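There are 2 protein chains.
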Amino acid sequence: MVNMNDVAKLAKVSRGTVSNYINNVRIKEESRIRVDEAIKELGYIPNVAAREFKTNKSSNVVFILPTVWNPFFSELTYQLQIKLKQKGMKLLLCNSQDDYRAELEYLEIAQQNKVFGIISISYSNIMPYLTSETPYVAIERYYNDDIPYVTSDNEGGGKMAVDELIKKGCQKLLHVTRQVDGNNALIARKKGFEEACKEEKVDYEIFSPKTSSAVFHKDITLFLKEAFEKGQYFDGIFCATDRYASYCQDALMDMGIGIPEDVQLIGFDGSRSYATEELKISTIRQPVEKIAEEAVNLLIAVVNKDKQKTSKVLPVTFLDLKTTKSN
Amino acid sequence: MVNMNDVAKLAKVSRGTVSNYINNVRIKEESRIRVDEAIKELGYIPNVAAREFKTNKSSNVVFILPTVWNPFFSELTYQLQIKLKQKGMKLLLCNSQDDYRAELEYLEIAQQNKVFGIISISYSNIMPYLTSETPYVAIERYYNDDIPYVTSDNEGGGKMAVDELIKKGCQKLLHVTRQVDGNNALIARKKGFEEACKEEKVDYEIFSPKTSSAVFHKDITLFLKEAFEKGQYFDGIFCATDRYASYCQDALMDMGIGIPEDVQLIGFDGSRSYATEELKISTIRQPVEKIAEEAVNLLIAVVNKDKQKTSKVLPVTFLDLKTTKSN
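Listed in order, the protein sequences are those of chains A and B.
According to the numbering used here, the residues represented by the first sequence are 67 to 393, in order.
According to the numbering used here, the residues represented by the second sequence are 67 to 393, in order.
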């Protein structure tokens with residue numbers, strides 16, 4: 067992308083002169099013409115962030131999320147920063163570590179700093195603390211009709227997983243998830259799974275303990291071991307995240323159960339750890355880039371009081387990979 | 067609401083000392099610890115706006131890195147944000163996507179915005195563009211003696227890998243890496259590997275093509291296939307990153323070669339995709355949390371013109387996991 071230095075070089079003026087031109091500070095007429103021509107020739111777009119800084123308006127968008135140290139969240143953060151940059155804005159990162167107090171602290175920081183707005187993935191009930199002065203967009207979370215949000219079609223994804231498993235011959239399904247207060251995404255995936263099972267009249271069970279993320283690997287391993295030892299047989303498992311699916315995969319492999327021959331496995335997210343990673347677990351893919359794009363557009367609409375853009379539920383897709391049978 | 071006086075009272079220091087602490091002016095270590103504890107206990111949030119107005123300095127630190135969408139970088143970003151927050155500072159995220167021009171653009175944004183400073187992992191030659199007004203700390207990159215940096219002991223890590231492979235009985239070693247201009251870390255790991263092999267008088271080979279990240283998986287697969295078909299046998303492989311090690315693992319498994327029975331494999335980084343992930347590939351672990359902490363401390367020292375804190379080379383450790391034989 068062309069920057070101020072390129073313009074200065076072509077116009078044969080200092081960088082400061084170009085900066086003055088952009089900020090409407092008077093410069094020599096001769097320089098003004100040369101800068102003008104250079105800007106046109108290079109197709110230079112003045113940096114909105116810089117201009118807003120001068121006008122005492124922040125172009126910083128605070129992004130609050132549990133932790134960037136996770137494939138789905140790091141991909142989302144990456145995409146959000148790229149989309150914001152295209153609009154001349156910057157991303158202030160806030161890992162809340164699921165800590166309610168940390169989130170409130172960031173809200174306060176955001177309000178003190180008069181940021182452009184906040185985009186947040188929060189599983190806490192921070193809604194009462196949102197003041198109308200700070201534009202706010204939620205990802206994955208529905209608070210009420212006043213707080214705009216962008217989310218994947220989590221319920222549709224749960225249904226899609228059931229449909230795929232049935233299509234591939236499964237007769238006894240298991241859903242593996244965790245009970246996390248305020249995590250609407252997990253609730254919706256479970257709802258989609260359960261309703262589709264009832265509709266299709268297929269046998270199903272749900273493993274959904276209220277347990278911490280740190281011990282869930284052990285919980286799953288124990289549950290599957292006991293279930294299969296008791297002769298409780300599942301031939302299709304839908305997990306609420308790819309991570310849970312990888313826990314299931316570990317446990318089943320340790321028990322000598324073949325995937326996908328004996329048990330077929332579908333996760334949720336479809337996020338790579340890095341852009342070129344080859345995914346192996348079949349999964350319901352969230353449209354991460356689209357989520358980022360819509361969140362940014364929605365935030366701008368909120369700031370501009372544009373009522374035409376509203377909350378979005380984005381479609382998911384099925385990735386038919388190595389843990390399901392090919393049709 | 068808690069204010070500065072409350073903190074001063076609890077910490078048994080003057081209000082001025084608390085103010086100095088908040089503005090990153092050096093105070094006695096003993097006072098620093100007490101203020102730190104008082105702030106945590108009271109849940110005190112410094113008024114950022116007031117501080118920034120007074121010091122005419124932002125508390126934003128720009129972090130430039132190739133991409134947050136990668137286990138090592140997302141862990142580092144996570145840790146950096148946490149360490150900055152402990153000092154009352156915020157992280158502005160900039161994915162440069164290895165794009166030289168994008169990095170320059172961010173430098174410009176940083177300079178325009180009078181940020182507190184810049185912490186950067188860059189493989190480009192942006193050094194000439196660094197102005198003395200913007201405090202700068204490099205991670206993983208040595209430019210010259212004027213630019214402070216924090217890095218893992220990459221050369222020592224290369225040597226450590228060789229020592230471990232020999233200790234575990236390997237006799238013919240291979241190093242797998244990529245030629246990336248300006249990536250000092252990769253160069254140092256290779257140097258450490260090569261020098262240790264010479265010192266230990268062990269047979270070795272280096273696979274180090276100048277290729278893009280996107281096709282390196284294929285390159286490695288082809289190289290290993292041809293080498294083993296020709297009867298060129300390696301029983302110990304040290305890869306410059308865990309990702310390359312996972313490419314080698316895929317290729318060897320496809321060829322029916324046993325790991326660690328036939329070939330032992332050591333990577334570099336030791337970063338999890340998420341905090342609780344169980345790593346499987348034996349690796350040289352970078353002290354990511356320590357890198358983040360030292361980078362923040364060094365940046366503050368640069369701002370305070372404190373010459374006592376200087377560039378740091380931090381020790382790495384060997385994680386003996388599933389791709390090497392137990393001793």
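Honestly, the hints are just simulated from the structure, not real lab data.
Being a predicted model, the structure only gives us computed values, none of them experimental.
Some hints could be false.
As the list claims (entries may be wrong) - When the alpha-carbon atoms are kept at most 27 Å apart in a straight line, the in silico DSSO-like pairs for lysine-lysine are as follows:
| no. | chain 1 | residue 1 | chain 2 | residue 2 |
| --- | --- | --- | --- | --- |
| 1 | B | K180 | A | K75 |
| 2 | A | K151 | B | K291 |
| 3 | A | K233 | A | K276 |
| 4 | A | K284 | B | K346 |
| 5 | A | K180 | B | K106 |
| 6 | A | K388 | B | K180 |
Stated by the list, open to error - Far from chain B by the CB rule (all over 10 Å, computed), these chain A residues:
| no. | residue |
| --- | --- |
| 7 | K94 |
| 8 | K106 |
| 9 | I148 |
| 10 | D219 |
| 11 | I323 |
| 12 | R351 |
| 13 | L387 |
| 14 | N393 |
Even for Gly, the Cβ is constructed at its ideal location relative to N, Cα and C.
Inset, instruction - Decide if the proposed pair is consistent with the structure: K180(A) and K106(B), CA atoms, cutoff 27 Å inclusive. - result: holds (24 Å)
Legend entry - Holds or violated: K151(A) to K291(B), with C-alpha atoms at most 27 Å apart: Violated - the C-alpha atoms of K291(B) and K151(A) are around 43 Å apart, more than 27 Å.
Legend entry - K284(A) paired with K346(B) [C-alpha distance capped at 27 Å]: holds (17 Å)
Inset, instruction - Mind verifying the non-interface call on L387(A)? Its CB should be farther than 10 Å from each CB in chain B. - result: holds (15 Å)
Inset, instruction - Verify that the Cβ of K94(A) lies farther than 10 Å from every Cβ atom of chain B, and report whether the claim holds or is violated. - result: holds (22 Å)
Inset, instruction - Given the hint that K388(A) pairs with K180(B), test it: the Cα-Cα distance must not exceed 27 Å. - result: violated (50 Å)
Inset, instruction - Just double-check R351(A) for me: nearest Cβ-Cβ distance to chain B has to come out over 10 Å. - result: holds (15 Å)
Inset, instruction - Starting from K233(A), check that the Cα of K276(A) is at most 27 Å away, please. - result: violated (31 Å)
Legend entry - Beyond 10 Å from every chain B Cβ - status for I323(A): At roughly 19 Å from the nearest Cβ of chain B, I323(A) sits farther out than 10 Å, so the non-interface label holds.
Inset, instruction - Sort out whether K75(A) lies within 27 Å of K180(B), counting only the CA atoms. - result: Within the cut-off at roughly 23 Å; holds.
Legend entry - Consistency of the no-contact label for K106(A), given chain B and a CB cut of 10 Å: Holds: least Cβ distance 20 Å, greater than 10 Å.
Inset, instruction - Mind verifying the non-interface call on D219(A)? Its CB should be farther than 10 Å from each CB in chain B. - result: holds (23 Å)
Of the hints listed earlier, those the structure fails to meet are numbers 2, 3, 6 and 9, in rising order.
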